[in-house]
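Could you build the full structure based on these sequences and the hints that come with them?
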Amino acid sequence: MRVNFTVNGRQQEADDVWEGESLLYVLRERLGLPGSKNACEQGECGSCTVRLDGVPVCSCLVAAGQVEGRDVVTVEGLADFAKQREQHGHGGACGTGGGCGSKGVSTDEAKKWAAKPGDSQTGEGIELSNIQQAFIDAGAVQCGFCTPGLLVQADELLERNADPSDQDIREALSGNLCRCTGYEKILDAVRLAAARQGEAV
Amino acid sequence: MAQNTRTVGTPTNVTQKHNKGGIGESTLRPDGTLKVTGEFAYSSDMWHEDMLWGQTLRSTVAHAEIVSIDISEALAMPGVYSVLTYDDLPAEMKNYGLEIQDTPVLANGRVRHHGEPVALVAADHPETARRAAAKIKIDYRELPLVTDEASALAPDAPLIHEGRDDHHSGHVPHPNIVHRQPIIRGNVEEARKRADVIVEGEYTFGMQDQAFLGPESGLAVPSEDGGVDLYVATQWLHSDLQQIAPVLGLPPEKVRMTLSGVGGAFGGREDISMQIHACLLALATNKPVKIVYNRFESFFGHVHRHPAKLWYEHGATKDGKITHMKCKIVLDGGAYASASPAVVGNASSLSVGPYVVDDVDIEAIALYTNNPPCGAMRGFGAVQACFAYEAQMDKLAAKLGMDPVEFRQLNAMEMGTIMPTGQVVDSPAPVAELLRRVKARPLPPERQWETAGEGADVRALPGGLSNTTHGEGVVRGVGYAVGIKNVGFSEGFDDYSTARVRLEVINGEPVAMVHTAMAEVGQGGVTVHAQIARTELGVTQVTIHPADTQVGSAGSTSASRQTYMTGGAVKNTCEHVREALLEMGRRKNGSYHPAWAHAELLLEGGKVVTDGGEVLADIADILENEAIDLELEFRHRPTVAFDLKTGQGDGHVQYTFAAHRAVVEVDTELGLVKVVELATAQDVGKALNMLSVVGQIQGGTTQGLGVAVMEEIIVDPKTAKVRNPSFTDYLIPTILDTPTIPVDVLELADPNAPYGLRGLGEAPTLSSTPAVLAAIRQATGLELNKTPIRPEALTGTL
Numbered sequence: 001m002r003v004n005f006t007v008n009g010r011q012q013e014a015d016d017v018w019e020g021e022s023l024l025y026v027l028r029e030r031l032g033l034p035g036s037k038n039a040c041e042q043g044e045c046g047s048c049t050v051r052l053d054g055v056p057v058c059s060c061l062v063a064a065g066q067v068e069g070r071d072v073v074t075v076e077g078l079a080d081f082a083k084q085r086e087q088h089g090h091g092g093a094c095g096t097g098g099g100c101g102s103k104g105v106s107t108d109e110a111k112k113w114a115a116k117p118g119d120s121q122t123g124e125g126i127e128l129s130n131i132q133q134a135f136i137d138a139g140a141v142q143c144g145f146c147t148p149g150l151l152v153q154a155d156e157l158l159e160r161n162a163d164p165s166d167q168d169i170r171e172a173l174s175g176n177l178c179r180c181t182g183y184e185k186i187l188d189a190v191r192l193a194a195a196r197q198g199e200a201v
Numbered sequence: 001m002a003q004n005t006r007t008v009g010t011p012t013n014v015t016q017k018h019n020k021g022g023i024g025e026s027t028l029r030p031d032g033t034l035k036v037t038g039e040f041a042y043s044s045d046m047w048h049e050d051m052l053w054g055q056t057l058r059s060t061v062a063h064a065e066i067v068s069i070d071i072s073e074a075l076a077m078p079g080v081y082s083v084l085t086y087d088d089l090p091a092e093m094k095n096y097g098l099e100i101q102d103t104p105v106l107a108n109g110r111v112r113h114h115g116e117p118v119a120l121v122a123a124d125h126p127e128t129a130r131r132a133a134a135k136i137k138i139d140y141r142e143l144p145l146v147t148d149e150a151s152a153l154a155p156d157a158p159l160i161h162e163g164r165d166d167h168h169s170g171h172v173p174h175p176n177i178v179h180r181q182p183i184i185r186g187n188v189e190e191a192r193k194r195a196d197v198i199v200e201g202e203y204t205f206g207m208q209d210q211a212f213l214g215p216e217s218g219l220a221v222p223s224e225d226g227g228v229d230l231y232v233a234t235q236w237l238h239s240d241l242q243q244i245a246p247v248l249g250l251p252p253e254k255v256r257m258t259l260s261g262v263g264g265a266f267g268g269r270e271d272i273s274m275q276i277h278a279c280l281l282a283l284a285t286n287k288p289v290k291i292v293y294n295r296f297e298s299f300f301g302h303v304h305r306h307p308a309k310l311w312y313e314h315g316a317t318k319d320g321k322i323t324h325m326k327c328k329i330v331l332d333g334g335a336y337a338s339a340s341p342a343v344v345g346n347a348s349s350l351s352v353g354p355y356v357v358d359d360v361d362i363e364a365i366a367l368y369t370n371n372p373p374c375g376a377m378r379g380f381g382a383v384q385a386c387f388a389y390e391a392q393m394d395k396l397a398a399k400l401g402m403d404p405v406e407f408r409q410l411n412a413m414e415m416g417t418i419m420p421t422g423q424v425v426d427s428p429a430p431v432a433e434l435l436r437r438v439k440a441r442p443l444p445p446e447r448q449w450e451t452a453g454e455g456a457d458v459r460a461l462p463g464g465l466s467n468t469t470h471g472e473g474v475v476r477g478v479g480y481a482v483g484i485k486n487v488g489f490s491e492g493f494d495d496y497s498t499a500r501v502r503l504e505v506i507n508g509e510p511v512a513m514v515h516t517a518m519a520e521v522g523q524g525g526v527t528v529h530a531q532i533a534r535t536e537l538g539v540t541q542v543t544i545h546p547a548d549t550q551v552g553s554a555g556s557t558s559a560s561r562q563t564y565m566t567g568g569a570v571k572n573t574c575e576h577v578r579e580a581l582l583e584m585g586r587r588k589n590g591s592y593h594p595a596w597a598h599a600e601l602l603l604e605g606g607k608v609v610t611d612g613g614e615v616l617a618d619i620a621d622i623l624e625n626e627a628i629d630l631e632l633e634f635r636h637r638p639t640v641a642f643d644l645k646t647g648q649g650d651g652h653v654q655y656t657f658a659a660h661r662a663v664v665e666v667d668t669e670l671g672l673v674k675v676v677e678l679a680t681a682q683d684v685g686k687a688l689n690m691l692s693v694v695g696q697i698q699g700g701t702t703q704g705l706g707v708a709v710m711e712e713i714i715v716d717p718k719t720a721k722v723r724n725p726s727f728t729d730y731l732i733p734t735i736l737d738t739p740t741i742p743v744d745v746l747e748l749a750d751p752n753a754p755y756g757l758r759g760l761g762e763a764p765t766l767s768s769t770p771a772v773l774a775a776i777r778q779a780t781g782l783e784l785n786k787t788p789i790r791p792e793a794l795t796g797t798l
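Chains as they are written, first to last, in UniProt numbering: chain Y, 1 to 201; chain S, 1 to 798.
Since the hints were derived computationally from the structure, they do not count as laboratory data.
The beta carbon of each residue, even a glycine, is placed where N, CA and C say it ideally should be.
Some hints could be false.
If we take Cβ atoms under 7 Å as the criterion, some of the chain Y residues that face chain S in the derived model are [what the hints assert, rightly or not]: (1) Phe5; (2) Ser47; (3) Glu76; (4) Cys143; (5) Leu173; (6) Ser174; (7) Leu177; (8) Cys180.
See below:
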């Protein structure tokens with residue numbers, strides 16, 4: 001079947017989609033957006049969390065057909081999404097997608113990947129959302145596999161609760177597993193993002 | 001021009017002064033931006049034009065003869081390109097393994113555990129591959145099961161590996177024992193007579209899973225020369241290569257491996273998983289093949305932490321001195337050896353813990369059974385022992401009427417202590433101090449759910465969000481533990497690491513390129529390598545080259561060794577690059593300033609400066625269009641194998657220590673546990689990057705907490721089948737289960753290690769489990785000798 005929907009503000013069309021395919025599979029394998037992660041594909045770990053019409057969902061549990069005509073935001077579009085929200089005062093579709101149109105990460109691209117000096121400190125040409133920057137600054141990223149899902153979830157928390165208590169943060173992120181960090185630095189990151197958001201207002 | 005030389009230890013005593021972004025600073029991860037934008041390429045994100053998907057078919061029974069395999073229906077399915085079984089393996093070598101080559105690439109007429117790979121499928125859609133695999137018909141004739149010590153060592157026990165001829169087979173008392181290590185020191189029977197109290201205990205440690213989030217995955221691309229390029233998440237590229245090439249029938253240079261993004265490892269990626277399978281399918285179809293395990297398969301795709309039964313006896317005098325220790329540790333290694341022999345070595349040599357005990361009688365064994373294979377996981381044999389000896393310490397203290405921390409401090413080892421193996425601990429061992437620090441920390445307020453904000457926040461209670469209680473029946477307990485872990489590969493293993501460093505001028509600025517085969521699995525090696533290069537070469541710009549097999553081995557990202565070993569290799573190579581640069585400077589500018597000839601010269605801020613701070617030249621001006629490019633190996637001091645009868649020998653490189661204090665609240669009616677705080681103190685020798693250090697300690701602590709209260713792979717004792725291979729049924733701690741983890745870091749330098757650092761990744765996983773257990777025991781008064789603690793163990797409804 002054919003599925004039409006919006007991803008990170010860009011109209012997308014996926015062809016030859018099987019009935020059983022998940023939104024996660026379509027994002028990762030058909031649209032070239034591997035940012036949403038495939039850790040359990042069972043709705044238990046939260047690594048594939050995306051916003052579907054604004055609501056955080058595990059994209060592995062959403063059948064691709066269910067997103068027909070709807071609006072999806074993934075980690076690739078999070079910075080633009082946050083910027084739009086800042087400018088328009090609400091969470092809405094963003095104008096540009098991140099890396100849409102290509103398919104996955106080619107081996108040539110992967111081969112060329114090199115950790116560059118200082119790009120985490122400066123952002124070097126990449127505009128990050130508040131929560132993305134806070135995760136880097138607080139040391140909340142280790143292997144990073146859980147990070148995309150946590151970012152989407154945490155961003156949604158801060159959207160509806162600008163000053164969350166620790167218990168609020170824990171409750172909001174309780175569906176996102178992380179195996180590396182022990183969560184303390186993730187809490188730090190969300191607190192940091194909330195504080196910076198507060199300063200900016 | 002690359003030069004190859006072999007160097008042991010550090011060649012110079014020049015101390016580079018502070019350089020911006022150097023060691024000791026909490027610089028941020030170079031891969032952070034890519035990871036938060038979703039652009040970082042993990043192994044499961046790889047893609048190639050015209051790519052196929054691989055699928056493994058795994059055995060549904062634990063022990064059986066394979067009577068027949070019928071692949072015809074699978075092969076006939078549209079979209080299926082290849083179906084492979086044992087008969088299709090191309091080389092004479094059909095097994096692989098880390099220490100013993102006993103693991104079949106695909107089952108050869110017999111399966112030895114539930115989930116063993118039997119056949120492979122490549123198809124154009126992952127679902128097609130899965131459906132095709134399901135159509136392969138296998139006729140199994142089930143064989144009697146070996147599931148525990150009694151059934152493994154019975155006189156008529158079926159042999160898991162008949163006709164063993166590995167290097168351990170000659171000295172083990174039974175062919176179903178992979179390896180046995182006794183350690184005898186002093187005279188236990190004599191010492192026992194001095195004991196005023198004696199305590200015994202039998203402890204059971206459940207099978208833990210690494211549960212890294214990024215599933216086993218990778219992409220194999222056939223090349224025109226008949227070889228294969230493999231992009232994969234692993235902990236040790238060169239060890240994989242050594243195991244992959246022979247079974248493919250290819251020379252190692254035709255198997256080119258590149259590390260792709262690794263979503264956590266914790267020991268679970270030391271063994272081969274999908275690497276060989278993907279290569280076989282790629283070579284068979286002449287198309288790129290990607291394999292991505294789903295979570296279910298991941299539980300069968302890697303080895304687990306050895307479950308263990310541990311029997312201990314300790315004695316002590318009235319004044320609280322430990323007289324002796326006897327123990328027997330039985331580790332279940334499952335169907336294949338993996339790292340079992342080394343785990344035995346660790347469990348035995350570290351079984352006494354960080355205490356002074358002169359008279360010991362120790363035995364550790366690992367069994368071959370039909371249970372899932374077990375191997376490396378963070379803490380590696382030391383974890384199971386720590387769980388048992390720390391419970392024993394509490395028992396002894398209680399029997400003597402002493403404070404458990406004071407009792408431990410009274411017996412704590414220190415620099416100069418002799419280990420049960422006879423090895424002298426020759427660097428700081430601040431065991432008593434670590435305990436003092438966690439104990440001195442103020443306790444979290446009682447009944448926090450009532451004191452936080454306005455009224456009670458029931459989310460802070462055991463059972464929390466489920467609103468199961470408002471505090472009635474909730475009791476608090478506090479428990480302590482401390483542990484000792486070795487760093488690096490032990491027992492005579494040639495544990496080296498290689499680093500290539502290139503220094504050149506790019507856009508007028510000196511830039512260092514660091515190339516190693518180190519697997520960055522999340523631990524932050526890429527961050528500290530850049531810091532080391534900045535410190536040693538006085539440059540700002542450092543590029544970390546992707547890890548691949550085009551450079552020498554970096555050894556494994558495990559055993560808490562990578563910062564020590566590959567960090568040491570980067571330091572060592574940078575020092576040689578620095579010397580080469582200074583030599584170049586002397587040649588070009590030596591006649592202009594006498595300091596070139598006789599002063600101690602340093603590289604700082606892109607310049608060559610004297611000890612006194614006088615600038616002699618810009619690095620960029622010395623180099624001009626030339627590059628200095630060196631690849632060197634680095635070795636730690638040598639170790640020896642433990643004697644097979646007495647266990648004596650200087651087997652370990654370095655020891656590392658961590659202590660925990662756990663504060664728990666237990667709902668005694670529902671059997672639910674909430675860990676309120678898990679304070680940690682650890683000696684790291686020297687913190688190269690405090691942000692990463694604390695992250696490692698908190699992460700390791702949380703894995704120890706997990707095994708204390710929830711984590712266990714449950715293997716049905718009747719069928720040897722895994723009952724909970726999913727994140728629905730195998731529970732790992734969520735952010736709600738994980739408490740505040742305050743971390744207190746000591747930096748007592750080890751004079752033998754680069755920068756004085758101490759490997760740190762594993763130690764926090766040791767003591768966190770027994771500390772939580774001790775706290776739950778204190779809260780409930782129950783004995784609790786098994787991990788994980790389940791609600792029924794607390795409510796008496798077992």
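Verification of the supplied hints:
Evaluation of the Phe5 (chain Y) hint against chain S yields a violated restraint, the C-beta minimum of about 18 Å exceeding 7 Å. With a cut of 7 Å, the hint placing Ser47 (chain Y) at the interface with chain S holds, because the nearest CB-to-CB distance is about 6 Å. Hint on Glu76 (chain Y) holds. Least Cβ distance to chain S is approximately 5 Å, under the 7 Å limit. For Cys143 (chain Y), the interface hint holds, since its Cβ comes within 7 Å of a Cβ in chain S; the closest pair sits about 3 Å apart.
A hinted interface residue such as Leu173 (chain Y) counts as satisfied when its beta carbon comes closer than 7 Å to some beta carbon of chain S; here the least separation is about 5 Å, so the hint holds. For Ser174 (chain Y), the suggested interface contact is upheld, since its CB lies about 5 Å from the closest CB of chain S, less than 7 Å. With a cut of 7 Å, the hint placing Leu177 (chain Y) at the interface with chain S holds, because the nearest CB-to-CB distance is about 6 Å. Evaluation of the Cys180 (chain Y) hint against chain S yields a held restraint, the C-beta minimum of about 5 Å falling below 7 Å.
This entry does not satisfy hint 1, going by the numbered hints stated previously; all others are met.
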